[in-house]
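Engineer: Residues per chain are reported as follows:
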Amino acid sequence: MMRYTLYAVALATALPISALGAEPTDAEQRLRDVEQRLDRLEAPPAPTAPAGTTGAPAGSATSFNPAISLILSGLYTNLSQDPADYRITGFPVPADVEIGPGKRGFSLAESELAASANIDPYFYGMLAYAIHPDDTASVEEAFVQTIALSNGFTLRGGRFFSNIGYLNSQHAHTWDFVDAPLAYQAFLGTQFGDDGAQIRWLAPTDLFLELGAELGRGRAFPGSDRDKNGAGAATVFGHVGGDVGASHSWRAGLSLLGTSPRDRTFPDTSAAGTTVSNAFSGDTRVWIADFVWKYAPTGNATYTNFKLQAEYLRRREDGDLTFNTAGAPSTAPYDARQSGWYVQGVYQFIPYWRVGWRTEQLDRGTVDYAANSANLASSGFDPSKNSVMVDYSPSEFSRIRLQYARDQSRQGATDNQWYLQYQMSLGAHGAHQF
Amino acid sequence: MKNFIAAWLAFATLAFAHSAAALEVFTCEPEWSALVQELGGDRVSVYVATTAFQDPHRIQAKPSLLARARRANLVVCTGAELEIGWLPLVLRQSGNSAIQPNRPGYFEAANYVQRLEIPTTFDRAAGDIHPGGNPHIQTDPRNIARVATALAERLAEIDPSSAALYQTRYRDFAQRWDAAIKRWEQQAAPLKGAPVVVHHKAFSYLENWLGLREVAQLEPKPGVEPTSTHLVEVLDQMKRQPAKMILRGPYNDARASEWLAERAKIPIVVVPFTVGGSDKAKDLFGLFDDTVQRLLAALS
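Those sequence lines, one after another, are chains A and B.
Residues in the first sequence are numbered from 1 upward in steps of one, following the numbering used here.
Residues in the second sequence are numbered from 1001 upward in steps of one, following the numbering used here.
Honestly, the hints are just simulated from the structure, not real lab data.
Fair warning: this is a prediction, and the values are worked out from it, not measured in the lab.
Be aware that one or more of the hints could be misleading.
Now the in silico label distances, taken between C-beta atoms and shown as ranges [claimed, not checked]:
1. B:1185 to A:355: 43 to 51 Å
2. A:83 to B:1101: 40 to 48 Å
3. B:1233 to A:68: 33 to 41 Å
Beta carbons are placed, not taken as given, at the ideal position from N, Cα and C, and that holds for glycine.
Required output: the full structure, derived from the provided sequences and hints.
Structural biologist: The following block contains the structure:
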């Protein structure tokens, strides 16, 4: 019985396939027939015109050049506190991690040169090269990505901004505020990018559902670069999203970043009030929940639109903390659970003009220094910040922004921060990311 | 037992035939959605990424678009860089190799028509120009006919088992469409040579078809919203060289055209521009019926 059923299934599946195989030739003949008749019918109106001429000269050697774009950005900054003293109380980061409001006065911001193209029918590649105002340069992103996989899979390898959270994968020139939220600065060193590989899978559903994971070197904060064959950092992320009617779109996500830094050295303030150098070795886990909602009347964002964005980051660090690595080191267990969030809204009230507001706070949480609690004390302070901005974009390639922030990330010192910023892009048309 | 197997076979064959699910087509604009529906009938399941009230140039790569592109067998878009800001991103993140550019599952309508206004110099100081020429090709029904020919062939190529169906439907559509074009051209004869002002350079193909004469634009440069100084200049020009009407699309802001209409004493025509752009533009035929009627009404 079982065998007969199997035969039946085999036959049933084999039959239509052979029928399908035979059909095209038959259909093609009929198609040609019909086409000939149609050609006769269609004589009076113009027949199919030749493929439209494109602007580029055909066959020239430059036709294969990648799409190149250049981002130019500059700032005028006015700060009431000395930026050299900047720190986020209770959330120390290594000295080479760039956080804070930057320099006072006029300064060039990051210039970014990017090139991208399909490499062949199987891969896409891109490079974003950041030229810093101090005449140094760095590879911000350089990755290759598959375009020939199906079933919703995409693989990526190289250096790239991790897809965790909402803001993390976005380049600074697409941010709605001059600076990154405090929680991103404190927990991700502004933006987490790594050398590694990424896999993403998109579900075959009407609801957007994306799952992904990354394995990386873990070279960047909150990790630390090590000489090791295995991976130093891993992430998993999931995003869901969709539309509600024609006017609303949303996306929500949950991500986890795990890394195990070794001797991540950072300056901190001791319980006695002196600056010391400490080091952490252990496990770091950062959870991120993100949500974005966008509204435009009938989905036409040209005249007015509104964007609400919120993210919550939670970090657990568990391991050993070495106090005063330069002087008399003392190592003791360390267990910290800290969190932070921001909420921001940006409203385009007339064409070209937007206003935005962001409020954010970090929660010092619980920090257990164990035997080091004589040397180090929890701050008893929750950093917070409020920012407002107005920006003007005469075209989709240029933007001028004025931003004011009341920054209370330092205990006992409120910084009034004013920024005037320009961001312009030239060359290849930028991507309209959600 | 034999009967059982025969019944099983018949059932399985039928089930298999029906399980060849409808062809999933992702279209960027409503006109292509309507055209795919005309050519594919029940055989296709069409998703449209934008509505008549959205500027197809200013869309973001929304989550809903990624989810739909993931499942599509065919993508049908205008091309000519109209969707440059979002479509490449959607395709790249879709995890769907079938719809990548240069694959049969990727169809750009603008490749099959003669494009107008191809710039000779590329400088963004001239506004939002498209190197491939003006992309708003759907306002000329003869372009729709050309795209239909290529699209019917493409549908047959990626879904050969239904090639006959697409050809039959195409032939039927082409005949009705040719007849309709003749009718519209007769009706629209009085429009020939009529000077018009446009909000955005979105009607070049319509003007080319009906012989309308575009004398001014409300936008100082393509893609730049009308400014008061520019509107005053256009009004001055109207005094010397009057136009018969002002054309704008459903997603253009009404204020600039209303300002000029009031002062120059000429009517505004909201051209449906694509399927769904007006109550009567329910399909491609309704789109041009209504377009021609609205233009004629403004002339009288």
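Engineer: To test your reading of the hints: which numbers does this structure violate?
Structural biologist: none
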